[in-house]
Structures are given as C-alpha cells and as structure tokens.
Amino acid sequence: DALRAAAAAGLDLEDVDDDGCSPAYFAVCRDSGAMLDALAACGVDLGDEGAAGDCGASLASLAATRGCLGALRALGGRVDLARHAGRDGWTAAGAAALQGRSDALDALHGLGVDLAAPCNRHGEAPLAVARKVGHARAAESIRRALADVASRDLDAMPE
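As numbered in our numbering, the sequence shown has no gaps in its residue numbers, which increase by one up to the final residue, 171.
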C-alpha cells in the first residue's frame, strides 16, 4: 500500500538514487520477494535490463550473485531466468557460476533453468565458467543438475 501511495504521489519507482541504485536493487539486496512483487504490482518492469539501476546486472543475476534465493524465486515467476541478462551480458546461472554460488545454482535448477544454456556474451555454459574460475562446488552442483535432467529425459522416453 505504501508503494502504491508513493507511486500515486508521483514518485518514480524505477528511478535511481545518487549511487545509481533502484528500489528493485534494494529489494533484491534485502532478499525481499514480497517487495519485488509489490514493485511489479505498481508497474515496475523487473525484466528491464536497467531495473537494478546503474550496476549493469539484471535483477536475476544480482540475486544469484548475492545468494538472495527468495528474490530469485520471486523473479522466476516474472522473467525468463534462463535467458534474461543485464547490460553486463550475464544470466543468473552465469553470474552464480562465476561467483561460485552453488545455492543459487541449485535454486535455478529447481526453478527449471537449463544450466547447459549459454550464460554470457561469449556463449559459455555455466559449467565452463565455474571450472574456468575454479569453483569446484559450483561445478559439482551444475553436474548434478545436468545429470538430473538427463535422467528425467531418459525416464520420459517410451519403452
């Protein structure tokens, strides 16, 4: 209700502060799925590549990098987590692999994100990124997710 009142009073809920941070950026940093839902209800486009403000990351990659799983789940219902990237070119899966966030990678897999899909402007997959930067635990999370998908695919094949 406070957000709706602020928007009705003319406050731009997509504007950034002096540090270049948007209200949606702060909602992700506080891991507040409820705040993201409220911003979306007020018309904020959470899928806009500049929604996080001037940081260059998408809200989804910001949430994945910071391990803000509640925010990541809230965004999952609003943006295509597999393809959505910010101005920096990283998807949530790529950002999580780059930072070694196995918790975020597990959450993304649980949300149905294809962890084999390209995750940056170079066309790399998250597993390649995690290996390249030496995040063994993140690489293992991705391997488990890929094996789970392959197993489900095999189970779905007619006999």
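Please note that a few of the clues may not be correct.
As the list claims (entries may be wrong) - FRET-style restraints, in silico, Cβ to Cβ:
no., residue 1, residue 2, range
1, 167, 29, 46 to 56 Å
2, 26, 163, 22 to 32 Å
3, 42, 17, 13 to 23 Å
4, 128, 66, 26 to 36 Å
Please keep in mind that the hints were generated in silico from the structure rather than gathered at the bench. Even glycine gets a Cβ: it sits at the ideal position worked out from N, Cα and C.
Item to check | Enumerated hints in conflict with the structure, sorted upward | outcome: 2
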